[in-house]
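Q: Line order of the protein sequences matches chains A and B. When we follow the working numbering, the leftmost residue of the first sequence carries the number 416, and every step to the right adds one. When we follow the working numbering, the leftmost residue of the second sequence carries the number 4, and every step to the right adds one.
Be careful, since some hints might not be right.
Computed list of chain B residues with no C-beta within reach of chain A, every gap over 10 Å [said to hold, decoys possible]:
| # | residue |
| --- | --- |
| 1 | 22 |
| 2 | 38 |
| 3 | 126 |
| 4 | 175 |
Think about it this way: if two alpha-carbon atoms lie no more than 27 Å apart in a straight line, the pair counts; the simulated DSSO-like pairs of lysine-lysine are [to be verified]:
| # | chain 1 | residue 1 | chain 2 | residue 2 |
| --- | --- | --- | --- | --- |
| 5 | A | 474 | A | 491 |
| 6 | B | 173 | A | 483 |
| 7 | B | 48 | A | 417 |
Derived by calculation from the structure, the hints in this document are not laboratory data. Model, not experiment: these values are computed from the prediction. Positions of the beta carbon are idealized from the N, C-alpha and C atoms, including for glycine.
So the chains spell out like this:
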Amino acid sequence: MKCRKVTRFIPLFAGSDFPAETIAKVRHHLQDCRSCQQEYTEYQSILQQTREWLTQERKDWEEAEWKKTVHAAIEKANEKRSWLAPWPFKRGWAFVLMTASAILLSLLVLHPSLVKDKMRGIATVSADPFQTEIVSMQLVSKETGLKINWFFHKDLKLEVIE
Amino acid sequence: MKKEEELINEVLEGQNDSFEPLLRPYRQGILNMAYRMTGNIEEAKEICQDATIKVFKYLGSFNRERSFKNWLYKTVVNCSYDFLKKKSRYNALIAEQKKSFFDDSYNPEKNYSNMEIKEKIQNCLRVLSPKEKAVFLLRDAEGFSINEASQILGSSSNSIRTHLSRARQKLRKEFVRYSNPEKGGMFS
Ligand SMILES: [Zn+2]
């Protein structure tokens with residue numbers, strides 16, 4: 416093994432973090448090479464001091480604070496769990512529904528043609544390309560022939576005319 | 004003292020009182036892990052809070068054949084990563100971040116050489132990447148093996164070794180810079 420290769424391994428070797436199969440080779444080199452050996456002992460001493468310091472200088476909880484943290488964890492975890500519990504009465508579902516309808520509305524207002532493609536004849540959507548103040552949509556029931564006209568104003572006011 | 008296995012069963016059966024004794028043996032370890040990841044004790048407590056919420060919530064999906072300790076540390080490391088990400092997003096000034104790192108008051112009872120080591124190690128922690136830091140702390144502060152660290156961080160042992168080696172090289176740089184200040188300046 417060459418010095419360059421060995422020096423790459425030394426930081427690991429010094430902390431006994433080296434795969435067993437290569438240890439013999441490195442050890443062999445260290446016996447013969449003074450500069451690598453020096454680097455090795457240097458790393459060993461640094462690591463020893465560091466590990467000692469890191470294991471001695473430790474923060475700790477105050478008992479009351481620790482207990483409070485654990486209890487808060489249980490409470491918060493339960494709170495988060497119930498947040499998406501069965502609909503329709505939970506906040507989670509209300510939020511999901513509101514977001515969905517907001518997306519639908521903005522689609523209608525901003526891209527009426529996009530919605531038109533999706534609705535395939537059940538609804539017709541018209542919008543003046545030069546003036547998108549109002550978007551209208553006509554829903555026709557296939558069974559009863561009932562027509563409903565929806566008008567979406569730019570300011571999101573909704574008018575329904577039967 | 005009850006076995007970990009039993010405590011986990013009890014928590015899963017709805018006995019919330021068993022949750023604290025389950026975490027108790029590791030409480031100092033996770034606090035110090037988080038503290039050294041962020042450099043701030045209040046933030047470390049916040050991270051531990053997040054992690055304990057997750058552990059309680061997802062205990063049911065924890066693979067019982069694995070080590071609970073490793074899983075707990077994994078959760079803490081992931082919460083620390085999230086925290087560091089958020090922090091770097093909101094802390095536009097890196098200099099500000101560096102200033103707040105380990106600004107706790109030192110213990111006057113400790114002798115001078117101990118203070119020196121503290122400074123070297125803390126300087127090193129400042130320059131490590133989050134992953135290097137996590138690997139280095141798991142191995143050299145918490146005493147996990149390379150294999151355990153690779154389980155906790157979900158990387159190969161080769162990747163763990165690479166990061167550990169890099170972290171220790173940076174550590175040595177700090178030690179050398181400290182002993183020859185004229186040799187290693189700001190830009191060495
Ligand atoms: Zn050599």
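Q: Are the hints correct? Go through all of them and say.
A: Here is how each hint holds up against the structure:
The Cβ of residue 22(B) does not lie farther than 10 Å from every Cβ of chain A; its closest approach is about 6 Å, which violates its non-interface assignment. Once the 10 Å rule is applied to beta carbons, residue 38(B) is inconsistent with being away from chain A; the minimum gap is 5 Å. Every Cβ of chain A is farther than 10 Å from the Cβ of residue 126(B); the closest lies at roughly 12 Å, confirming the non-interface assignment. Listed as outside the interface, residue 175(B) is inconsistent with that label: its C-beta sits roughly 6 Å from the nearest C-beta of chain A, within the 10 Å cut-off.
A threshold of 27 Å between alpha carbons decides the hint, and for residue 474(A) with residue 491(A) the separation of about 25 Å falls inside it, so the pair holds. At most 27 Å may separate the alpha-carbon atoms for a hinted pair to count; residue 173(B) and residue 483(A) exceed this at roughly 38 Å. For the suggested pair residue 48(B) and residue 417(A), the alpha carbons sit about 47 Å apart, so the restraint of at most 27 Å is broken.
Hints 1, 2, 4, 6, 7, counting from the list given before, are not met by this structure.
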